[in-house]
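Student: Please arrange chain B on chain A, whose structure you already have, making use of the hints.
Line order of the protein sequences matches chains A and B. Under the working numbering, the residue at position 86 of the first sequence is numbered 86, and the numbers go up by one with no gaps. Under the working numbering, the residue at position 583 of the second sequence is numbered 583, and the numbers go up by one with no gaps.
Please keep in mind that the hints were generated in silico from the structure rather than gathered at the bench. Among the hints, a few may not be true.
To be verified - Quick partial rundown of chain B residues pointing at chain A, CB under 7 Å, derived from the structure: (1) 151; (2) 152; (3) 154; (4) 168; (5) 170; (6) 171; (7) 174; (8) 178; (9) 185; (10) 252; (11) 253.
Just so you know, even glycine gets a beta-carbon here, dropped at the ideal spot from N, CA and C.
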Amino acid sequence: MEAVARKICIIGDFAVGKTSTVARFVHNAFSEKYLTTVGVKIDTREIDTNSGPVKLVIWDIAGTDRFSAIEFSYLRGAAGYLVVADGTRGHTVDVARRLRAEARERYGEVPSVMLVNKADLADEWDTDEATFDSLAQDHAAVFRTSAKTGDNVENAIRTLAEMVAG
Amino acid sequence: MSVNDIDRLKQLLFGNEKKALDAITRRLETPESRTDDISDVLPEAILRSHAADPRLTRALEEPVELCIKSSIRRDPGDFADALFPVIGPAIRKAIAEALRSMTQSLNQAIENSFSVTTRFKAWRAGVPLGDYILQRNLVYRVEQAFLIKREDGLLIEHVHHEGALSRDSDAVSAMFTAIQDFIQDSFKQDGGESLTKAELGELSLWGVHGPKASLVCVVRGVAPAGLRTELSEILERIHLGYSEALADYNGSPDGVAGIELELEKCLLLEHREVDDSEGKKKPIAGYIMLFIVVALLAWWIGSSYADSRRVAKYRDALESTPGIVVHDITRRRGQVHVRGLRDPLSGDPVEIAPAADIDPADLRLDFAPYQSLDAPIIERRARRILQPPRGVGISLDGSRLRLTGSASAEWKQKARLIGQAIPGVATLDFSSMTVDDEQVLREAIALLQPPSSVELSVINGRLEGRGSAPAGWLRRATNQAGTLAGVNEVVLDEIVMTETLELQQLLQAIDGTSILFAANLQLASGQAAELERLGQDLLRLQNLADGLGLQAQIVVTGSTDGIGNVSGNQLAAQGRADLVSRALIGAGVDPALIQLRTSVSPIDGRADPARRRAIIRAGIVRN
Chain A
1 MEAVARKICI IGDFAVGKTS TVARFVHNAF SEKYLTTVGV KIDTREIDTN
51 SGPVKLVIWD IAGTDRFSAI EFSYLRGAAG YLVVADGTRG HTVDVARRLR
101 AEARERYGEV PSVMLVNKAD LADEWDTDEA TFDSLAQDHA AVFRTSAKTG
151 DNVENAIRTL AEMVAG
Chain B
1 MSVNDIDRLK QLLFGNEKKA LDAITRRLET PESRTDDISD VLPEAILRSH
51 AADPRLTRAL EEPVELCIKS SIRRDPGDFA DALFPVIGPA IRKAIAEALR
101 SMTQSLNQAI ENSFSVTTRF KAWRAGVPLG DYILQRNLVY RVEQAFLIKR
151 EDGLLIEHVH HEGALSRDSD AVSAMFTAIQ DFIQDSFKQD GGESLTKAEL
201 GELSLWGVHG PKASLVCVVR GVAPAGLRTE LSEILERIHL GYSEALADYN
251 GSPDGVAGIE LELEKCLLLE HREVDDSEGK KKPIAGYIML FIVVALLAWW
301 IGSSYADSRR VAKYRDALES TPGIVVHDIT RRRGQVHVRG LRDPLSGDPV
351 EIAPAADIDP ADLRLDFAPY QSLDAPIIER RARRILQPPR GVGISLDGSR
401 LRLTGSASAE WKQKARLIGQ AIPGVATLDF SSMTVDDEQV LREAIALLQP
451 PSSVELSVIN GRLEGRGSAP AGWLRRATNQ AGTLAGVNEV VLDEIVMTET
501 LELQQLLQAI DGTSILFAAN LQLASGQAAE LERLGQDLLR LQNLADGLGL
551 QAQIVVTGST DGIGNVSGNQ LAAQGRADLV SRALIGAGVD PALIQLRTSV
601 SPIDGRADPA RRRAIIRAGI VRN
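Pulled out of the complex, with its shape left as it was, chain B reads as follows:
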C-alpha cells in the first residue's frame, strides 16, 4: 500500500473528525472567537458563580471600587448627575428628621393655646395643630412654571394658569438664565450655587436646579418653605424620567413629550383661604385668637429666652469652677442635662445651681471623673495626700509646690517622697520650711533610749550628747542616730563610756597595791583576803580593758628587807612575786598579762616588814 493509499484511507476513516478537530483548533487559536465564546457564557457564568460562591463578589470588589474611583476622578459630573434623583430625597429626609423635634415643641406650645374647635378641625384633617394653623394662614398660588435647559437657557416647557401675565416666555427663560449667570459670576466664583429665590411684592420666583434643567416658578402670595421640597420632587421626577431627552433637547417647539404633565403639577401647588365665611362671621374672635397666639408665643419666647439665660449662667458658673469641664449643657423636658468631666476635689455642681436660679432638683448630671490640673485643685490634692500638720502652708507656683512653716523631719521626708507623685506637681520647694527640733529630739530619745547619765539635745538638726554611757549603747547610738529623720549631724564624742571610768578607778585602786609577807613566803596576817580581792579587781580590769579594745598590763614585783643574804633574798623576792602571780592566775587573770620582777634591798641588817612584800603595778596599753 502506497503513501497516497494510506492518506486516502485516513481521509475515508477520519475525514469528518479531522475537520472538527481543525475547526476547534482554529477557534482556540483565534482571540476574536475566544472573546465571542466567553462573552456568550460570561453573564450566565457570573450569575451561577455569584449564587454558588461569594468569592466572585470578593474578587470583583477591589477592581470595581478602583473603576468607580477612576471614573469619579475623571469626571465627577456624571456620577453627580446619576445620583441627583437619589440624593435630594435622602437629604430632605435627614433634614425633616432633624426639624421634627423642633416642630413638636412648637406644636406643644401652640396646642395649649387654641380652641377646642380648632383642635378638632386639625384632628379631623389628620395634621398636627401647628401645621393646620400654618396652612390656614398661608395663601399662595404657583402661577407659571418654566422648565429651562441649564446649558443654554432655552425654554423646554412653560405652563401657566389662564390669565397669568406672561411675556415672551423664551425671552424670560433666557433672561432668567442670564441674570442667574450674572449673579453666580458676581458673587460665587465656583458657580456651584444657583439662584433659588427672588421676590417682588406679592410675586416671587422660586428656582430649583438639576444637572440638566432648572425649574423656575412664579408664585403669587406667601408660600410655605415646604413648597421648595415639592418643586424639587417634581424636578427630580423629570430628571429621572426624561434625563436623556433633557440632554438632547435642541429647542424643539414640542418640548419633551410627557414633561408638560409633570410640569403642570406645579400649578396644582396652591392654597386658598379656607372657610372664609367663618373668618367673616367672627372677625373679632379671629383677632382675639391671633392676640392669644401672639401673646402665648411672646410668653413662650420670653420664658425660653430667660431660661436659656439661666442655663448659660449656670454653664458659666460651672466652667469657672476649677476641676469642672462642661462638654454639653441642654434643657430637655424641663431638666438641665449636663455632660462633662469633674475632678472629685472640685466644687459640687449641685451647690452652684441655686446661684444661677436653677433648681437642683432639675439637674441631671453626667460627669465622668478626671484629674484636673487647675491650680486650686492641685493644691487641694496636695493637702489631701500630704496631710500637712498644723502650721504647714502649701501653695502652688506653676507646677512647683511650695511648703512653708515648721514640721517634723519625718513628715518632711514623707512629703518629699510622695509629693513628687502628685499629679500636677513637678517639683517641691522646702526652702522656706524649718524642722521642729523638739520633735526630732523626742524621736531621738524614743529611738536611742539613752541611760539617765546621758543628756541629748537637738539644735538645728545637730544631735549632741553629753554625760556617760556604756560602750555598747554608745556604739549602737552612734549607728542609729544617723538614720534619724531631721538629723543632719551627730555629735556623741562628749559622752564618756562608763567602762572607761570604771577602768580608771580600778587602775587607781590597784596600781601600787602591796601584798605583805610575814617571813619568807608566808603572807602577813590578813593579806590572803587582800590578795583574793586584788585578784578579783585585776580580773575585772582585764575584762574591762578587753571590752574597750585595750589590754591590761600587770607587773608583780617581789621585794625583801635588809636582813639575810642577797641570794636568799633574791629567791624570796622571786618566790613572793610567783606566789602573788599564781594567786592572780588562780583568780582568772590571763598569765600573759602578768610580768614578774624582783627588787632585793641591800643587806643592811634592818628588818622592815613593809619591804617584805610583792607590789602590783597595773597599766593599760592599746591592742
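Isolated chain A (complex conformation):
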C-alpha cells in the first residue's frame, strides 16, 4: 500500500533545534545549506499510521521570530505544523506561540504539535508547568523533546502523522 503524501512545516525561533531534533528521524533529501540560502529545506519521512501509510513531506523553515512573505508562502497548503521551542529560553516559547497564531490567522486552523526542546537540560529550563498548560490549549499535543537523545521526537512526529493521515 503506497503512502499518502502530506505537507508538514517545522516552525520556531532561531536556534531552538528544529533541524537537529528531527534530523535523525527523517530522510534528508537535501543539504542544510538550503536553510541559509532559500530559507527552507525539504525532508521526507514515511510512517505507518492507523489510517495507513503516510509520507510526510517536511518543510523545515529557517528560524524566525516573525513570518515574512516568503515564509508565509512556504506555509501555504501545509497539513500540519511541528512547532519547536527551546525550554531553556522561555522567550522562544512566546515566539512559537506568536508564529502559531500568525499561521492560524493566515491559513486557518491546521493541526499542530508542540515540541519543547532540550529536555536533557531540564535543570536549566525557565518554562513552568503553567506555560505547558497554556501551550496544550493551542496544540493537539505538547512534547518535551531532546535533540541530543532523541527523546519523544518520534512520538511527536507520529502524533502529527496520525492527525494528518486521515
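Tutor: Showing chain B alone in chain A's frame:
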C-alpha cells in the same frame, strides 16, 4: 329548503369543482409552488422564446453582462481558471502568426545555401528547409516530468525514463516549489510570474504553470523553443480534463486517474540524431556545409545590418528635411517603403535618397500632404504666396514674418492683406521696408492724369502738385489722390485753378471799360461792337464766377460832359447806363448782377466826348 339543504346541494353539484378551484387558488397564493411551476417550464420557455424572437436575448444581454462583471470584480481568479485552457492556444496562435513571416525570411536565406539532397529530404519530410536543418541539429530528451500541485507543492504525478536519475520525487517537487516561491518573493512582488526554466550543464528544467498545477520537466540536451508549446498543450489538456481532480488532490499515492497517461506524453518529446551514418561517413562535407551555412548567415546578417544602416540614414535625412514627417520606414522585398506626411514645399524625398545610398528606383513613397510649420517651409510658403518683387527680402522670426527692402505701396498693401492668412505667420513686420516713391508717382500720374500745366511729385509718400489746372480736375484729383496706395499725404494747394486766372484776366480787361456816346444816347462810332464784345466778356466772367462758387458784380455808371443842363444830363446819364445794361442783359448777363449808377458832370460849358460815356466796373464777391 333550508340553508343546510342548499349547502348539501351545492356540495353534491359542485363539490369536485370547488376542490379543484381551492387547489388552484392555494397554488397561486403560495410563492414556493409558483417558483416550482416556473422552474418546470422556464428552460423550455427560454428555448422557445429564443428560437422565435430575439428580444429575449437582447433583454438578457445587460443583466448577464452585469453578472459577469460583478463576478470578475469579486474573484477574477475563477474566470482566469476557466479561460486558461482557451487563452493559451489563442495566444500561441497569434505569436506563431507573427513569427511566421520572420521564419519565411530565414527559410529563404537558408534555402539558397543547402544542397539539393538536403532540400529533397526536407521536401520529403514535408517541413520547411529551415525547420528540417534545425531539427537535425537539436538533440534532446525529456527524462522526467513532475506534475506538482501549485497550492502546497505536493507531487501529483511523476513519470521518468528508465535509468533517469531520480531522488525522492516528493522532496524534489516540494523543493522546486520552495525555490520558485523564493524566487517569486525575491524578484517579483506580485507573484504573477513563475519559474519557467533553469539550466545546469546539459540538464535543464522546463516549467509551465497552470492555475492548479505546474508541469516541470527535466530535459537533457538542447531542446527547441517549441518544446514549451508542447508542454503547455499537455498541461492545458490536463487542466481541461482533470480540473476538479487537481483541485481536490490531497496527496493520494494513486495520483489522479488518467493523468499519468497524459504526463507520459512528455517523455515522448525527444529528438535523436538522425542518419548518424551519413554524418560519420562525410564529416568533412558536414563541416563544409556548416561553414557555408555560417558564412551565408554572416553574409546575410552583415548585408542586413548594412542595409538597415542605409535605411536608418535615409530616415535621418528625411526627418531632418523641413516639411517631411516620417511615420514608418521599412524594407520589404527589396524596396524601401516610407509612410508619412509631406508639405508640397518640402525637398523631394527621391532626391535625398542617393545621399543615403538608397536607389531611388527602390523607393515606395506614401506621403499624405500636410502644411508644415517648419520655419524654412513657412518662408517658402510666404514667398510663393506674396511673390515679392526684386529687392524685397523675407525672413521668419518665430511666427513674425519680417519684410525688408523697397517695394511699391500697392504690393505692400497686398502683402499686408494676404500675409496674415499664411499658415504659420502670426504677424507681419514692415518696419524695415521702404516704399518706392517713383513707383507711387507713376501710379499717381496714371490715375489722376494731370494736365501738362501741372507738375506732380512724391517724396516719402507725400504727393505734391504745382502749376495750374481746371477746377474740375483739381477737385477730382483731390478726391482720388487719397486712395493711392503708398500716399500718406496729399498737398495740391499750390495748384492754381485755370478758371481763377482767366477770371482775373477778364476782370482786368473789363473793369474800367468805357462805352462812348456821340450825343445823348447815340453810341459813338465803333462802340456798338465794343459793347457787344463787353457783353460777351461779362457773360464769360459771370460763368467763370459761377463755376468757382463766386458771384460777379457789375456796376454800369452813365456820365455826361459839361454842356447842357443838369436835369437833361441826368436823364442822359441814366439813359446811357440803361442802354449799356440792356445790351449786357441782351448778351446773357444776369440782370441781378448789374447795378446802375449815374455821374453828371458840373455844367461848365465844356464839351468833352470822353465824358459822354458809360463806364463799367466789374468785381467778384463770394456767394
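Student: Indicate, hint by hint, whether the structure satisfies it.
Tutor: Checked hints:
no., hint, result
1, 151, "holds, 4 Å"
2, 152, "holds, 2 Å"
3, 154, "holds, 5 Å"
4, 168, "holds, 5 Å"
5, 170, "holds, 5 Å"
6, 171, "holds, 3 Å"
7, 174, "holds, 4 Å"
8, 178, "holds, 5 Å"
9, 185, "holds, 4 Å"
10, 252, "holds, 6 Å"
11, 253, "holds, 3 Å"
Hint compliance for this structure: no hint is broken.
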